[in-house]
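Enquirer: The listed protein sequences correspond, in order, to chains B and F. Offset between the first sequence (1-based) and our numbering: plus 102. Offset between the second sequence (1-based) and our numbering: plus 43.
One should not assume that every hint holds.
Simulated restraints on C-beta separations [claimed, not checked]: (1) Asp224/B <-> Asn120/F: 46 to 52 Å; (2) Glu230/B <-> Arg156/F: 26 to 32 Å; (3) Gly235/B <-> Ile56/F: 25 to 31 Å; (4) Asp224/B <-> Leu229/F: 31 to 37 Å; (5) Thr171/B <-> Lys143/F: 25 to 31 Å; (6) Ile56/F <-> His156/B: 34 to 40 Å; (7) Gly356/B <-> Lys143/F: 50 to 56 Å; (8) Ser285/F <-> Thr171/B: 31 to 37 Å; (9) Ala317/B <-> Leu229/F: 51 to 57 Å.
Restricting the straight-line Cα-Cα distance to at most 25 Å, the calculated cross-link-like pairs of lysine-lysine (PhoX-like) are [as the list claims (entries may be wrong)]: (10) Lys212/B <-> Lys227/B; (11) Lys225/F <-> Lys117/B; (12) Lys225/F <-> Lys173/B; (13) Lys110/B <-> Lys167/B; (14) Lys167/B <-> Lys301/F; (15) Lys167/B <-> Lys207/B; (16) Lys173/B <-> Lys207/B; (17) Lys143/F <-> Lys117/B; (18) Lys228/B <-> Lys301/F; (19) Lys143/F <-> Lys225/F; (20) Lys301/F <-> Lys225/F; (21) Lys212/B <-> Lys228/B; (22) Lys110/B <-> Lys173/B; (23) Lys117/B <-> Lys301/F; (24) Lys173/B <-> Lys301/F; (25) Lys143/F <-> Lys250/F; (26) Lys227/B <-> Lys207/B; (27) Lys110/B <-> Lys301/F; (28) Lys212/B <-> Lys275/B; (29) Lys143/F <-> Lys173/B; (30) Lys250/F <-> Lys227/B.
If you are wondering where the hints come from, they were derived from the structure by calculation, not from laboratory data. Don't be surprised by glycine CBs; every beta carbon is placed ideally from N, CA and C.
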Amino acid sequence: MNAIEIQKLTKYYGKHRGIVDLSLSVADGEFFGFIGPNGAGKSTTIRTLLGLIHADSGSAGIFGKDISTHKDDILSQIGYLPSEAVFYSGMRVRDVIRLSADLRKTDCQKEAHMLCDRLSLDTSKKVEELSFGNRKKVGIVCALQCRPRLCILDEPTSGLDPLMQREFFSILKEFHAQGMAVFLSSHILSEIQRNCTRAAIIREGRIIACDSVDALSRTNAKRVHIQGDADLHALSGIRDLQQAGGSSSFLYSGDINVLIAELSRYQLQDVSISEPDLEEIFMHYYL
Amino acid sequence: MTMIRHELRQSRISLAVWTISIGFLLAVCICMFPEMKTEMDSINDVFSSMGSFTEAFGMDRVSFGTLPGFYAVECGNILGLGGAFFASLIAISVLAKEEKDHTAEFLLTHPVRRSRIVTDKLVSVLLQIIILNAVVYAAAVGSIALVGEPIPWQEISLLHLAYFLLQIELAGICFGLSAFLKRGGLGLGLGIAIIMYFLNLIANISKSAEFLVYITPFGYADGADLVADLTMNGRLVLIGMSFAVIGIIAGYVNYCRKDIS
Numbered sequence: 103m104n105a106i107e108i109q110k111l112t113k114y115y116g117k118h119r120g121i122v123d124l125s126l127s128v129a130d131g132e133f134f135g136f137i138g139p140n141g142a143g144k145s146t147t148i149r150t151l152l153g154l155i156h157a158d159s160g161s162a163g164i165f166g167k168d169i170s171t172h173k174d175d176i177l178s179q180i181g182y183l184p185s186e187a188v189f190y191s192g193m194r195v196r197d198v199i200r201l202s203a204d205l206r207k208t209d210c211q212k213e214a215h216m217l218c219d220r221l222s223l224d225t226s227k228k229v230e231e232l233s234f235g236n237r238k239k240v241g242i243v244c245a246l247q248c249r250p251r252l253c254i255l256d257e258p259t260s261g262l263d264p265l266m267q268r269e270f271f272s273i274l275k276e277f278h279a280q281g282m283a284v285f286l287s288s289h290i291l292s293e294i295q296r297n298c299t300r301a302a303i304i305r306e307g308r309i310i311a312c313d314s315v316d317a318l319s320r321t322n323a324k325r326v327h328i329q330g331d332a333d334l335h336a337l338s339g340i341r342d343l344q345q346a347g348g349s350s351s352f353l354y355s356g357d358i359n360v361l362i363a364e365l366s367r368y369q370l371q372d373v374s375i376s377e378p379d380l381e382e383i384f385m386h387y388y389l
Numbered sequence: 044m045t046m047i048r049h050e051l052r053q054s055r056i057s058l059a060v061w062t063i064s065i066g067f068l069l070a071v072c073i074c075m076f077p078e079m080k081t082e083m084d085s086i087n088d089v090f091s092s093m094g095s096f097t098e099a100f101g102m103d104r105v106s107f108g109t110l111p112g113f114y115a116v117e118c119g120n121i122l123g124l125g126g127a128f129f130a131s132l133i134a135i136s137v138l139a140k141e142e143k144d145h146t147a148e149f150l151l152t153h154p155v156r157r158s159r160i161v162t163d164k165l166v167s168v169l170l171q172i173i174i175l176n177a178v179v180y181a182a183a184v185g186s187i188a189l190v191g192e193p194i195p196w197q198e199i200s201l202l203h204l205a206y207f208l209l210q211i212e213l214a215g216i217c218f219g220l221s222a223f224l225k226r227g228g229l230g231l232g233l234g235i236a237i238i239m240y241f242l243n244l245i246a247n248i249s250k251s252a253e254f255l256v257y258i259t260p261f262g263y264a265d266g267a268d269l270v271a272d273l274t275m276n277g278r279l280v281l282i283g284m285s286f287a288v289i290g291i292i293a294g295y296v297n298y299c300r301k302d303i304s
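Based on the sequences and whatever the hints tell you, model everything.
Expert: Here it is in structure tokens:
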């Protein structure tokens with residue numbers, strides 16, 4: 103059974119596009135990455151999965167149940183960390199964490215203590231006194247304290263310092279090793295590359311690529327660096343061209359023989375052709 | 044119970060401020076009665092010769108020289124308006140504040156049905172109204188006993204019951220509106236309470252505007268009428284409660300279906 107199964111999901115906000123015919127599946131226990139720039143439809147997808155908004159057409163299911171008919175069952179198995187964690191002003195951190203557990207009708211005190219300790223979270227503070235990063239930590243504790251079967255994370259590391267980011271992913275990997283599926287939406291492609299086994303790239307409301315992170319990185323696009331003057335305008339398949347001080351760097355997705363034949367016409371000091379990292383793949387899809 | 048407890052904790056300061064304010068003003072007003080009673084002949088003359096204002100505030104139908112008459116007009120306005128403001132404000136914001144304060148995402152991603160959330164929030168509004176009215180009733184009765192006047196149980200209880208129903212009606216209407224709002228709506232809540240109050244004043248002044256009592260809850264909670272007749276107009280109460288029920292149903296239907304931004 104898949105943790106997430108989305109079929110032809112479409113959501114418009116009036117005339118504005120949210121997501122269009124979006125299909126996606128995430129296996130139970132999988133660590134899945136969801137990549138896309140602002141406005142691509144990541145949050146719309148997540149909000150539909152959580153039942154916050156209703157799709158115009160298509161279906162979204164979690165653990166085999168449709169969100170439109172089994173929302174409460176589904177939400178009892180999900181931990182969710184929003185990109186901007188906002189809580190009730192006037193409440194102390196410990197009260198917010200307890201409220202979250204009470205709403206789940208679960209006693210998660212032991213787990214909550216463990217998470218607060220590991221994230222160095224002061225539970226006696228009022229939420230309005232917290233920095234953005236510390237509010238994020240409260241969100242992390244609320245999302246993970248009841249050991250969800252699926253954790254949906256929207257830009258989870260924004261606001262966290264590098265040490266906390268490392269601790270957070272360490273916790274996430276431990277929970278994942280114990281069977282929790284993770285749906286990680288992020289702009290930070292290195293996070294996806296380091297942690298996820300599969301990923302989907304969303305552009306203008308549609309999935310444009312969905313595969314293992316390794317396969318996505320093995321796209322036919324290559325990062326080419328050349329040292330020396332060369333007129334590359336006649337060459338098709340070039341993207342992300344950057345030229346400075348007699349050197350050029352670009353993504354090339356055409357026939358490699360054509361590239362070599364073209365480059366051989368010039369007196370170059372150096373050429374390197376390498377696999378692009380996920381960030382460059384992302385650029386490849388977006389430029 | 045979790046949501047009800049949470050709502051009551053969130054609202055405890057505002058509830059305390061409103062309750063103490065209304066209770067204190069009522070007590071002060073009642074404490075003024077013995078002194079005013081001695082000058083009542085001249086006061087009655089003044090109040091009964093103010094033209095439309097006399098009719099608007101019902102001063103032509105009750106005597107200021109009696110505690111029930113004095114209470115209906117003076118204290119009635121404090122409790123009527125104060126209670127109406129309180130009920131409208133808490134009800135108009137109870138659902139909308141989650142989106143306005145961006146806490147809806149936190150609340151609605153927990154495994155609690157939206158209909159359950161609406162019910163618990165409605166119960167919390169009703170509980171706050173009940174608490175305010177119980178304390179204010181006790182303060183009023185206590186103050187009357189304190190100034191050594193005999194307690195007119197029937198009139199006082201009838202007045203407080205009417206104002207309680209008035210608050211329930213306004214709360215029901217505002218609760219329904221709250222489900223449609225995304226940015227609070229305190230101005231709208233206050234506006235509704237004030238408009239309803241003035242509709243009743245207009246209905247009291249002009250015969251041709253008497254139909255307005257069917258719209259405003261102040262129609263069946265008019266202190267002068269209640270004390271003079273010792274009965275509430277059941278038809279107006281029924282119409283008012285119908286408005287409240289329609290508001291609450293609209294709130295349920297919309298909040299359970301709406302997209303949360």
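Enquirer: Hint check: Lys225/F vs Lys173/B, CA-CA at most 25 Å. Holds or violated?
Expert: 22 Å, holds
Enquirer: Given the hint of 50 to 56 Å, check if Gly356/B and Lys143/F actually sit that far apart at their C-beta atoms.
Expert: Since Gly356/B and Lys143/F have Cβ atoms about 53 Å apart, the given range 50 to 56 Å holds.
Enquirer: For the pair supplied as a hint, Lys167/B and Lys301/F, is the alpha-carbon distance within the 25 Å limit?
Expert: 21 Å, holds
Enquirer: With a cut-off of 25 Å on the C-alpha distance, tell me whether Lys250/F and Lys227/B pass.
Expert: Answer violated: Lys250/F to Lys227/B is near 60 Å, above 25 Å.
Enquirer: Do the beta carbons of Asp224/B and Leu229/F sit within 31 to 37 Å of each other?
Expert: 33 Å Cβ-Cβ, so the 31 to 37 Å window holds.
Enquirer: If you draw a straight line from the CA of Lys173/B to the CA of Lys301/F, is it 25 Å or shorter?
Expert: Holds, at roughly 14 Å.
Enquirer: Okay, Ala317/B versus Leu229/F on CB: inside 51 to 57 Å?
Expert: Between Ala317/B and Leu229/F, where Cβ atoms are some 54 Å apart, the hint holds.
Enquirer: Against the 25 Å threshold, does the CA-CA distance of Lys110/B and Lys301/F hold or violate the hint?
Expert: Holds. Lys110/B to Lys301/F sits at ~21 Å (cutoff 25 Å).
Enquirer: Going straight from one Cα to the other, do Lys167/B and Lys207/B come out at no more than 25 Å?
Expert: 21 Å, holds
Enquirer: Regarding the pair Lys228/B and Lys301/F, is the alpha-carbon distance no greater than 25 Å?
Expert: The hint is violated at about 31 Å.
Enquirer: Next pair to validate is Lys143/F with Lys117/B; report whether the Cα-Cα distance is within 25 Å.
Expert: At roughly 24 Å apart (the allowed maximum being 25 Å), Lys117/B and Lys143/F satisfy the hint.
Enquirer: For the hint 25 to 31 Å, verify it against the beta carbon of Gly235/B and that of Ile56/F.
Expert: Between Gly235/B and Ile56/F, where Cβ atoms are some 29 Å apart, the hint holds.
Violated hints, listed in ascending order, are 18, 25 and 30; each of the other numbered hints is respected by the structure.
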